[in-house]
Amino acid sequence: MNKFNAKMIAYTAITLSAALIIGVIESLLPPVIPALPFLRLGLSNIVLIFALVALGAAPAFTIAFLKSVLVPLLVGNPIMIAYSLPAALLSLGATALLVYTRKFGLPTVSTVASLVHNMVQLCVASLMTGTALVFGYAPYLIFTGTLTGLAVGFAAYLILRFFPKKLLEN
Amino acid sequence: MPYRLRKYKSTIALLAIAAFFVCLLSGCTAQKENVFFNTDFSLEIEGSGALSRSKKIESMLEELENTLSASIAASEISRINDAEVGVPVSVGKDFVYLYTASMILHESFPSYNPFIFPMVELWNFDPEGFTLSPSGIPSSQEIQDLLGLCNKDSFSFNEQASTITKLRTGAKLDFGAIAKGYAADKAAEIADNTKYVVNIGGTIRTNKKIEVAIVSPRNNGYAASFVLDNGAVATSGDYERFYLYQDTRYHHIIGADGYPAGIGETETVVSATVVGPEAAMCDALSTLVFIEGETTKDFIEALGYSALILTETTYKTIGDVRFELLEPREAA
Amino acid sequence: MNSSNQEKRPKLFSYYRQSKPFLRADILLLAVLLTAAVLAAVFSYTGKPLGERAEIYIGGELVGTYDLNQNKEIVYEIGITVHIHDGEIAVTESDCPDQLCVHMGAISKTGDRIICAPNKFVVVIRGENNDYGAITGRRQS
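Protein chains in written order, with our numbering: chain E, 1 to 170; chain P, 171 to 502; chain S, 503 to 643.
Keep in mind that the hints are not guaranteed to be accurate.
As the list claims (entries may be wrong) - Listed next, the stretches of chain E that the computed footprint assigns to chain S, with coverage defined by at least 3 CB atoms under 8 Å from CB atoms of chain S:
#	region
1	109–119
2	135–144
3	156–164
Said to hold, decoys possible - Now the in silico label distances, taken between C-beta atoms and shown as ranges:
#	chain 1	residue 1	chain 2	residue 2	range
4	S	V534	P	K225	38 to 48 Å
5	S	A538	P	E482	51 to 61 Å
6	S	S610	E	Y140	22 to 32 Å
7	S	D633	P	A501	23 to 33 Å
Worth flagging that the hints you see were computed from the coordinates, not collected in a lab.
No residue lacks a Cβ here, since even glycine has one placed at the ideal position from N, Cα and C.
Next comes chain E alone, as it looks inside the complex:
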């Protein structure tokens, strides 16, 4: 576990605010599937992957938790927490597992995370609407999830690649 020194707290806070901004912007965009308005693309995965790799697991999960609770509150949609919280935590869990193996590139890791994100949200949607019908959207979500996952992962890779190393060194 990382010790939460001042610098780490500052980095966590800055990264969290970036995640919040992305989350709010994402919630302004139209839903992927109009029938399931709370289902989101998961663009803030860029920030979560960055946090996990650059800051460590504890800050990353803290950011994931706070972001999933705060974004719905910020946009005035508390129901969204039911979708965002399990999806963010489980997809970050999958990301962490894959990242720590050091066998996979970030775009691939992010694709898996994105698919986990979408599938968890579908499960929540199915619980909320009381029907398994929503799984009919799964193939479509796998398709969009793969594309967004690859793009998000590549973006995270580029950010890490060109992030000034000095900033993270003591």
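Given the coordinates of chain E, assemble chains P and S onto it according to the supplied hints.
Chains P and S only, in chain E's frame:
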């Protein structure tokens, strides 16, 4: 790899990612289902700003309903209908447009009558008073007594001041025959250059090319279909709101004599569909064609609209639109 | 400063900074994902089609999506009961004055609607075999 090129490459990669998301989101769509004007409202919209436009359309409809609904006590229509004789009531832009448009039609065809509302209420076809099993129908005396109220001399409209004044006690106004179409036109204005289909209780406006089915007036399926390419359509039928009393069918479109239009006649119009550029016009004309039948042919054609008139056994088309009949009916 | 953490953190950081975007094991994982995606797509096409389903809206908000091939009764707090049975859906009880929604009976075809205007309640059937883009004319019952 030289540093510059590498830097350049990452910029391109980031731009490509940004472009990818823009592409993904520019094809955005929104779908709405709701109830306005006592009927179903549905909207399909795709293109830039689809979601915010769809929300704007819903709030516009809500506002319009709050202005025009006779069931909302604070609406302009309710304030006018509840007003005392001689008291001017100020009205907004929507009212002025609808009143002016209704009057133009009323002057050419008095049976298109925005002042018929007291008679609609007498027959219990207003949303408030409607019942599927009425205890009786109005007597001819009651109808005669009320008919004198149902014309333009019951109100005086001041266009400069945007006020309307009631001149006879009990007179009432209603834009039910045109409001849905006007609302659809306003929705189309907000949807602007996106691709949309707006449907308010069967009054449709779209800028797409879609196949539209016309509900069968007597059976469960469809009576006809046609291709609607960037325009509007509305249908008035005796099956849309009616009740049976002593085995006679009484419907909600009241004619000039104060009785449901065409009642007791053989081969009377049961459904009138009007197709053309504007939904408000289609909506109003469909009521007019329902009441007046094919005598409106020249008028409709001169305006550049088309129509399909159905009786129980025959059909008649007006204008250029090609309707495909889906039920056996003979050309009239 | 905890030195072991200090060592581990930049290690992961510099590892992903220096690695290529795609590693060898990615091929394996992506292949698995691709297979899963193809299987899911094949399943969804060859398996039972999505079929007709009923969407229920109250005041413009989607409150439920239901498969029509089940027997189910759903009671809404606003005073409406709907019944799904043999591929059809009907409003069986409503506290509205005109009862038009109850009189509408059961609907089953894509694009069909039942509305209860006083309750701002809409049932609409959605499906893949949509013959028409829109319907004009509204049957009372």
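Hints, one by one, checked against the model:
With 3 residues carrying a beta carbon less than 8 Å from a beta carbon of chain S, the region 109–119 of chain E meets the three-residue requirement, and the given coverage holds. Remark: the region 135–144 of chain E is confirmed as covered by chain S, as 5 of its residues place a Cβ nearer than 8 Å to a Cβ of that chain, reaching the required three. Chain S is given as covering the region 156–164 of chain E, and this holds because 4 residues of the stretch bring a CB closer than 8 Å to a CB of that chain, at least three being needed. A beta carbon spacing of about 41 Å between V534 of chain S and K225 of chain P agrees with the range 38 to 48 Å that was offered as a hint.
Here the CB-CB span from A538 of chain S to E482 of chain P is close to 58 Å, well matched to the stated 51 to 61 Å. For S610 of chain S and Y140 of chain E, the hinted distance range of 22 to 32 Å is satisfied, since their beta carbons lie about 25 Å from each other. Our hint of 23 to 33 Å for D633 of chain S and A501 of chain P holds, since their Cβ atoms are close to 25 Å apart.
No hint from the list above goes unmet by this structure.
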